[in-house]
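Peer 1: Protein chains in written order, with the working numbering: chain A, 1 to 238; chain B, 1 to 413.
Derived by calculation from the structure, the hints in this document are not laboratory data.
Since we're looking at a predicted model, the values are computed, not measured.
There could be a bad hint or two in this list.
[To be verified] Examples of chain A residues toward chain B, derived with CB under 10 Å:
1) Ala80
2) Leu87
3) Phe89
4) Phe91
5) Phe95
6) Gly147
7) Asp206
[As the list claims (entries may be wrong)] Derived lysine to aspartate or glutamate pairs resembling DMTMM-like cross-links, with alpha carbons at most 25 Å apart:
8) Lys188/A with Glu225/A
9) Lys139/B with Glu54/B
10) Lys188/A with Glu32/A
11) Lys188/A with Asp219/A
12) Lys257/B with Glu54/B
13) Lys218/B with Glu6/B
14) Lys399/B with Glu99/A
15) Lys399/B with Glu72/A
16) Lys218/B with Asp127/B
17) Lys399/B with Asp57/A
18) Lys196/B with Asp169/B
19) Lys196/B with Asp181/B
20) Lys188/A with Asp127/A
21) Lys140/A with Glu304/B
22) Lys178/B with Asp149/B
23) Lys196/B with Asp136/B
24) Lys399/B with Glu78/A
25) Lys399/B with Glu76/A
26) Lys139/B with Asp239/B
27) Lys140/A with Glu6/B
28) Lys196/B with Asp149/B
[What the hints assert, rightly or not] Every beta carbon over 12 Å from chain A, so not counted as near; a handful from chain B, in silico:
29) Leu84
30) Asn238
31) Ile286
32) Leu348
33) Leu352
34) Ser383
Just so you know, even glycine gets a beta-carbon here, dropped at the ideal spot from N, CA and C.
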Amino acid sequence: MTVLLEARDLVRILPAVVPVTLVDGVSMTVHEKEFIAITGPSGSGKSSLLYLLGLLDRPTSGTLYIGGKDTEPMNEIERAQTRLVMLGFVFQFHFLLPEFTVRENVEIPMRRLGRLSRAAMRQRADDLLNSLGLEGHLDKRPDQLSGGQRQRVAVARALANDPPLVLADEPTGSLDSHSSEQVFEILKELVRERGKTVISVTHDLDMAERMDRRIHFVDGRIESETRPNRTAAPAEAK
Amino acid sequence: MRLIIEIAITHVVGRGRQTMVAILGVAVGVGFSIAMAALMQGSQNDFIEQLVNEMPHVQITDERRSPPRQPAEDVFDAVDIQSLRPREDRRGIINPTAALTWLEGWVPGRFAQSLRTQGVIRFAGRDVGASIVGIDPEKEAGVSPIIDDFRQGSFAALAAGGNNVLIGDTMAEKLGAKLGDTITAVSSTGLTRNFKIVGLFHTGTTARDEGEAYVLLKNAQILSERANAINEIRIKLNDPGAAPMVARRAEADLGYKAEAWQEANESLLEALVVRNVIMYTVVAAIMLVAGFGIFNIVSTITHEKARDIAIMKSLGFRQSDMRRIFLLEGVTIGTIGSLSGWVVGFLLAYILSNIRFELSAGGREITSLPVAWSFLHYIIASSFALASAALAGYLPARKAAQLNPVEIIRGAA
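With these hints in hand, go ahead and build the complete structure from the sequences.
Peer 2: In structure tokens form, the structure reads like this:
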């Protein structure tokens, strides 16, 4: 399987009077079509790792390759471009732009990239939203939707430019169990049906057990790594 | 770029009430700046205009800047001669006809010659010292400050000929004389002559209303025993600003002192410079306060959008995109606010110009505030507002765009 992301000794220290070590030497390799859970207690640095992997933050030291490219020498514009093409984010809160309609929110990353015609963008946004069960809500504002619906819009937005890697930071953290299940199923479907790689930080251990790979985090380090769902793990399939 | 513009416009339109407040803030700032500038400028223009209207633009008199050199000084050049008794010159402007013809050739404006002599006006046993000015009514009409200011009688009555006189109403009051009364003028040489009052003027300038009597030029020449003499040429130029140039040329050529109105009112104009400094300071202060208000409102809006900036960055937007979006929002608010400010400023100035009040001192009629209508004020006020609005959008956006989005995302979570 192709390696999608490779991290070597990632360290992130928050500069302060007493420097705080958020991520303390993490190395990991992520292949295509993997469904990975990052778990760990609060403050263990799992979200910080996710932001490093998603190029939202820069590591203090260590190297990170995404799609075979070293991210270290990239400037701000190249990092933004990589986020645009390679990565999709889903946060705990939907983080949709409140002034724009559901469809516009999904279209915005596509328009920033500018590879499709306007008509094709609209078609793609509608297809994505419809496939996530949001038909009939396309012209609504985010605040007219329920929490689960908003999170599904956020997933659609993350998929807008068809990135190979989707990073989710507690995507079900603010949802009720029914909506959580829905969102989980969608993430699973992304891996199984659409061939995406999903890395999701989660508190929900049940959910983590149902993913391919589970990385447990304590104090900024990987404490253990398990493969609960062995049969489906692509690394094993090889 | 279209996406950037669309996002900016959606932000501005999407926050209807906030945007309205911001635009209103800009509009009020711009409007007040414009109105204040118009008022300050207007009062200054009015002041100068009164000054210019009241006086001849250039006044050529028979005085000289320095005492003429005496023949003895010319002959014994190397000797310092003390206590020379100066030769008695013929007073007045020598060869006035030639001088007038010469002036007529190149001066762009109107002028009138006159003979001003000191004398006393006597009526019913009361004496008032006065300047008796002999004028040519036809030419005087072009330069005279009194022509439109008649309380009783008229300027035309003097032109009709005869031994008539025009005096100010204050002088008439002092003398106890009325229109139609006959006064006696006594010249400095002791000659007396009777004149009938055919007009009373009131210019508002006390020295003139109290101390000037206008008679026909010929009468003044007879009274002062100086046939054909004049000692004053007053010039009204089409362009008052050209006065110093005209005065310089006339003085160089004629040899007589030619004084431009700017020179005659030097101290007043110097006071105006001080006033100008105060005026620009006040207007600048208003603009500065308005600018801070605009900055405050727009930067608050931008700060509130910090979360959106982080989100858009996570989606793959660049820092430069963020700066552009908020710069554009600042400029949009600044532009709409400025244009509304023009309306506010125009209305304010219009209302101010229509406020009427009575000036009782000097008996001047109902007056309104002088307001200057200058497009420059609008341009200056709105460029200032635009600059502060743009800065207010740009600076916080730049800061927010540089900020690690993680901090904002964590803060929101």
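Peer 1: Now tell me if each hint is right for this structure.
Peer 2: Here is what the structure says about each hint:
1. Ala80: With a minimum Cβ separation of about 4 Å from chain B (threshold 10 Å), the hint on Ala80/A holds.
2. Leu87: Cβ of Leu87/A sits 8 Å from chain B, so the hint holds.
3. Phe89: holds (5 Å)
4. Phe91: holds (6 Å)
5. Phe95: OK, holds: Phe95/A within 10 Å of chain B, min 5 Å.
6. Gly147: violated (14 Å)
7. Asp206: Since the shortest Cβ distance to chain B is 22 Å, the answer is violated.
8. Lys188/A with Glu225/A: Given that 25 Å is the threshold and the Cα spacing comes to 19 Å, the pair holds.
9. Lys139/B with Glu54/B: holds (17 Å)
10. Lys188/A with Glu32/A: holds (14 Å)
11. Lys188/A with Asp219/A: Violated - the C-alpha atoms of Asp219/A and Lys188/A are around 28 Å apart, more than 25 Å.
12. Lys257/B with Glu54/B: holds (20 Å)
13. Lys218/B with Glu6/B: Roughly 82 Å separates the two Cα atoms, so the pair is violated.
14. Lys399/B with Glu99/A: holds (22 Å)
15. Lys399/B with Glu72/A: Distance of about 23 Å is within 25 Å: holds.
16. Lys218/B with Asp127/B: holds (23 Å)
17. Lys399/B with Asp57/A: holds (16 Å)
18. Lys196/B with Asp169/B: Holds - the C-alpha atoms of Asp169/B and Lys196/B are around 15 Å apart, at most 25 Å.
19. Lys196/B with Asp181/B: Distance of about 6 Å is within 25 Å: holds.
20. Lys188/A with Asp127/A: Holds - the C-alpha atoms of Asp127/A and Lys188/A are around 18 Å apart, at most 25 Å.
21. Lys140/A with Glu304/B: Measuring from Cα to Cα gives roughly 23 Å; hence the hint holds.
22. Lys178/B with Asp149/B: holds (17 Å)
23. Lys196/B with Asp136/B: Within the cut-off at roughly 18 Å; holds.
24. Lys399/B with Glu78/A: Given that 25 Å is the threshold and the Cα spacing comes to 20 Å, the pair holds.
25. Lys399/B with Glu76/A: Holds - the C-alpha atoms of Glu76/A and Lys399/B are around 15 Å apart, at most 25 Å.
26. Lys139/B with Asp239/B: Judged against 25 Å, a Cα distance of about 18 Å means the pair holds.
27. Lys140/A with Glu6/B: Holds, at about 18 Å.
28. Lys196/B with Asp149/B: holds (19 Å)
29. Leu84: Given a closest Cβ separation of 90 Å, the condition holds.
30. Asn238: holds (61 Å)
31. Ile286: holds (34 Å)
32. Leu348: holds (34 Å)
33. Leu352: holds (40 Å)
34. Ser383: holds (29 Å)
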